[in-house]
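Number of protein chains: 2
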Amino acid sequence: MTTQAALSRLSLNQRTTASWSLPEAIKGCVDAGLGAIGIWREQLAEAGLEKACRLVADSGLRVSSLCRGGFFTTADSQEAQTAEARNREAIDEAAALDAATLVLVPGGLPSGDRDLQAARDRATRAIERLVPYASERGVTLGIEPMNPIYAADRGVISTLAQALDIAERFEAREVGVVVDTFHLWWEPGIAEQVQRAAERIVSYQVSDWITPLPADTLLARGMMGDGHIDFTSFTSSVVKAGYRGDIEVEIFNADLWAAPPAEVVNTMAGRYLQLVQPYLDE
Amino acid sequence: MTTQAALSRLSLNQRTTASWSLPEAIKGCVDAGLGAIGIWREQLAEAGLEKACRLVADSGLRVSSLCRGGFFTTADSQEAQTAEARNREAIDEAAALDAATLVLVPGGLPSGDRDLQAARDRATRAIERLVPYASERGVTLGIEPMNPIYAADRGVISTLAQALDIAERFEAREVGVVVDTFHLWWEPGIAEQVQRAAERIVSYQVSDWITPLPADTLLARGMMGDGHIDFTSFTSSVVKAGYRGDIEVEIFNADLWAAPPAEVVNTMAGRYLQLVQPYLDE
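Note that the protein sequences, when read in sequence, are chains A and B. Just so you know, the first sequence maps onto residues 17 to 298 in my numbering. Just so you know, the second sequence maps onto residues 17 to 298 in my numbering.
It is worth saying that the hints were derived from the structure and are not from the lab. Possibly wrong hints are sitting among the right ones.
Example chain B residues on the side facing chain A (calculated, C-beta under 7 Å, incomplete) [stated by the list, open to error]: (1) Leu125; (2) Pro126; (3) Arg130; (4) Thr227; (5) Thr233; (6) His244.
Every value quoted in this text rests on a predicted model; they were computed, and no experiment measured them. Each residue gets a CB set at the ideal place from its N, CA and C atoms; glycine is no exception.
Next comes chain A alone, as it looks inside the complex (with noise of 0.2 Å):
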């Protein structure tokens, strides 16, 4: 197989490379070869989303995903409104980008709330009401389960299990779910649940879980093989459920933001070909 063909379900995330502009990333992508992006939408904005789609379609590129949703357990109405609304925006970039995805991140705990399950339950009926605006766009909502270390400040749904829950009220084609090693390599039963997720999985996402785990808890996350993570395993359970798509790679970092982010994508690649791309064949 060429290096060509090999990276052409690699997708970056833009996380991963976070000074790069969405042109230079976009170009950053074709320059190393890659077959996808995934967005995120503070760098939508700057460059414009008529401009983006304009870019996109010259590079080639899928989209694999766009970052993000969510970011609705609010319990004030009004909140809750605006917190709608900058979602319906989200689904309006995912559908003109041609996205797999609009990922969605269900927030925290609001500030001084400690009853998590309401915060779950305003989740779920969150994404209930976003499901027409968004199924009218042919765009899927992908739910993102998060390491138990963020259930506090950043996602109260935990596991692939309980996404699942909430995805199942749904169609597939309407609600999937986003499938991250580093939030759910530790989940007992993970493979089991893959295989349930099936055709609703929208994304897969790789990174490693390193140890110790750096100051900052959001920028945690390592790239592969740097951690404890069994890439082979997961990536085939992710294969033997369906999954056909892009494989995103999104490292939250602060070493890795400090490095041309050019070297990164070559690092990335490199790991990508050697840990996860040799296990995609079914």
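Got chain A; can you put chain B on it based on the hints?
Only chain B this time, still in chain A's reference frame:
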């Protein structure tokens, strides 16, 4: 209710006042009017088992737990034998102290090993091997499921559901579970799992999940009330499950360790009276 009666089920886990020797901690508990103590093996060794047993008997305190056995995920047979011998010593100590349980912290992935399932299986088999020895000495082993933040380096058993799947292979008097709010507050369906645990709950440990998480994640626990955990509903759930034992406060935190231990115990007792004790009535 008198303060003394109100504190009768409160236990100081020695890790909360790390600078105190065992004799100092015992005196600190008595001075503060607590009913029990959770003893650590390191400080026990410094004091000597015989002296420790005498001091405990004289104090009138119950030993709510001995911390800790476990750390038996190694794939090396020589290391596994060493770990088993250490655990037998710990069982002997727990029997001598009449501890309510010997807390088992499973241990993490061996260095360079990425097979989490295999490490979990080895932990299960190690528990199985210890049961007859513990049972003969009247010691109940307490499996401690740990927050997934520690799955790689400390505790491969990550949920109460998973701990119960293991414990239920044995009699309840042989193997129970440690229910620690810091480790389990995020677990989907935790209330149902606590009910399922019922008479297998051998220790209820309380501390809070605080954000931002301190830089050293091992020391990331907070005093009850400083973080995101709802102690009202958690405690009510544990009481409803039938737990009648001591409530142990185990907080690994560098700021607390730097404070005068007696002050820490006073703060702990105050928070307990405010956030936990009122919910112990059926």
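>> Does Leu125 of chain B hold up as a contact with chain A if the rule is Cβ-Cβ below 7 Å?
In response: Check passed: Cβ of Leu125 of chain B comes within 6 Å of chain A, closer than 7 Å.
> Once the shortest beta carbon distance from Thr227 of chain B to chain A is found, is it less than 7 Å?
Replying inline: Holds, because the Cβ-Cβ distance from Thr227 of chain B to chain A comes to roughly 5 Å (cut-off 7 Å).
>> Next item in the hint list is Pro126 of chain B. Is there a CB on chain A closer than 7 Å to its CB?
In response: violated, 10 Å
> Going by Cβ atoms only, is His244 of chain B closer than 7 Å to chain A?
Replying inline: It holds, given that the least Cβ distance between His244 of chain B and chain A is near 4 Å, below 7 Å.
>> Under 7 Å is the threshold here; is the Cβ of Thr233 of chain B close enough to any Cβ of chain A for the hint to stand?
In response: This interface hint holds because 5 Å falls under the 7 Å limit.
>> Take the shortest C-beta to C-beta distance between Arg130 of chain B and chain A; is it under 7 Å?
In response: holds, 4 Å
Going through the hint list in order, the structure does not satisfy hint 2, though it satisfies all others.
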